[in-house]
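K.L.:
Based on the sequences and whatever the hints tell you, model everything.
Residue numbers (our numbering), protein chains in the order written: chain H, 1 to 109; chain Y, 110 to 224.
Because the hints were derived from the structure by calculation, they are not lab data. As the structure is a computational prediction, the values presented were derived from the model and not from experiment.
Reference excerpt, derived from the structure (chain Y facing chain H, CB under 10 Å, subset only):
1. 199
2. 206
3. 220
All C-beta atoms in this analysis are idealised placements derived from N, C-alpha and C, irrespective of residue type, glycine included.
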Amino acid sequence: KNEVEQSPQNLTAQEGEFITINCSYSVGISALHWLQQHPGGGIVSLFMLSSGKKKHGRLIATINIQEKHSSLHITASHPRDSAVYICAAAPPYNNDMRFGAGTRLTVKP
Amino acid sequence: NAGVTQTPKFRVLKTGQSMTLLCAQDMNHEYMYWYRQDPGMGLRLIHYSVGEGTTAKGEVPDGYNVSRLKKQNFLLGLESAAPSQTSVYFCASSYAASGPGNTIYFGEGSWLTVV
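P.N.:
As structure tokens, then:
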């Protein structure tokens with residue numbers, strides 16, 4: 001079993017819909033990262049969480065440390081949100097982050 | 110504002126050939142990483158460095174070597190390429206370890222095919 005599991009693997013939505021991507025992890029963490037991978041391959045960091053909730057524009061990330069679960073929400077989704085979203089667990093004592101396989105989101109106009 | 114730059118972006122190798130991927134960052138970061146990304150799997154750490162002159166093995170180091178002679182550069186070498194090394198390679202850097210407050214920056218990726 002992977003140490004970081006994401007669901008769903010693929011997600012298709014209509015423009016304007018509310019999107020939720022889930023991430024469960026089994027390792028101890030110092031932080032949980034959410035990343036966005038564009039169709040061309042580039043990866044950018046969206047959020048880094050150690051507790052609670054963070055918001056940036058239409059994106060919201062939450063984490064429940066006790067349940068080892070994090071969610072990424074996109075409000076009022078837009079075709080430009082189409083990308084692969086990756087969560088990654090950063091262990092506290094080494095540099096070997098563990099990555100989920102990603103969720104491919106397609107938002108149709 | 111170059112950030113993290115990888116070269117080359119695409120390369121086709123024959124089995125047994127050698128090559129080096131270059132990663133350069135202009136953010137004065139101490140930590141640099143090389144990952145590989147394969148279909149259906151998450152990014153996996155190959156090697157990393159916590160400063161100039163230091164390197165360490167990650168999750169999947171076999172068949173690869175690295176060097177960090179200058180703080181801004183992290184080189185990934187394949188001495189004798191194998192088809193199993195066909196993958197997309199990402200370099201990344203961060204100011205400190207991947208904990209709270211330390212954003213990780215990725216390069217654009219290098220597509221390597223070994224035939």
